[in-house]
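Please model the entire structure based on the sequences and the hints provided.
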Amino acid sequence: QQPVQSPQAVILREGEDAVINCSSSKALYSVHWYRQKHGEAPVFLMILLKGGEQKGHDKISASFNEKKQQSSLYLTASQLSYSGTYFCGTGRPAGGTSYGKLTFGQGTILTVHP
Amino acid sequence: DAGVIQSPRHEVTEMGQEVTLRCKPISGHDYLFWYRQTMMRGLELLIYFNNNVPIDDSGMPEDRFSAKMPNASFSTLKIQPSEPRDSAVYFCASSLGAGSYNEQFFGPGTRLTVL
Numbered sequence: 001q002q003p004v005q006s007p008q009a010v011i012l013r014e015g016e017d018a019v020i021n022c023s024s025s026k027a028l029y030s031v032h033w034y035r036q037k038h039g040e041a042p043v044f045l046m047i048l049l050k051g052g053e054q055k056g057h058d059k060i061s062a063s064f065n066e067k068k069q070q071s072s073l074y075l076t077a078s079q080l081s082y083s084g085t086y087f088c089g090t091g092r093p094a095g096g097t098s099y100g101k102l103t104f105g106q107g108t109i110l111t112v113h114p
Numbered sequence: 001d002a003g004v005i006q007s008p009r010h011e012v013t014e015m016g017q018e019v020t021l022r023c024k025p026i027s028g029h030d031y032l033f034w035y036r037q038t039m040m041r042g043l044e045l046l047i048y049f050n051n052n053v054p055i056d057d058s059g060m061p062e063d064r065f066s067a068k069m070p071n072a073s074f075s076t077l078k079i080q081p082s083e084p085r086d087s088a089v090y091f092c093a094s095s096l097g098a099g100s101y102n103e104q105f106f107g108p109g110t111r112l113t114v115l
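Heads up: the protein sequence lines correspond to chains A and B, in order.
Just so you know, the first sequence maps onto residues 1 to 114 in this note's numbering.
Just so you know, the second sequence maps onto residues 1 to 115 in this note's numbering.
Take every hint as true, because none was put in to throw you off.
Computed list of lysine-lysine pairs in DSS-like fashion (alpha-carbon distance at most 30 Å, straight line): (1) A:Lys68 with A:Lys50; (2) A:Lys37 with B:Lys78; (3) B:Lys78 with B:Lys68; (4) B:Lys24 with A:Lys37.
It should be emphasised that the hints constitute simulated quantities derived from the structure, not laboratory data.
Next up, the structure:
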């Protein structure tokens, strides 16, 4: 099952904050976040593992809520370079053919204006 | 170090023709993934390999699609015969360790247009 991202699109001015959510109908074991700029390939941002701590670098961080089966990506003091489409990808535990792969959400389009 | 390499970067072909997309993963990576991206369906996994062995091909849309990985440094995705609805960007990605627990590195993609 594909995870569901919300919102589908966000428009910000430089310096504003944003939160992107990723919800799964199945138990979460790992959550990846990727950013894709127009015409380019997705680029890895971070990974969160079940039982792990909140991750972050610079002004982008993420949380993992096992109980809610949800992860959130936090972008603070947004910059023009943050514009792009953000994807979450969910992973399954060891065992079975699903172990090695990710299932990606539909993406959230983030636009940052000057 | 070179990242994931894909060729061709762009392919325009006519319906019914055979199309072969190529991928060279990052050296040492043991997982390789083929994705297709369209506006309608988003980023969907077609097939993935572990140590050159196909593990899950449940995302391959039809028998017209086939993928091989003859060695650790090369993989192909073939569409025969191609149809207009196959038009999409096809990405190859690789990872060191299971892709669900490790960073996946994406190639630049092949933009396929089937007329």
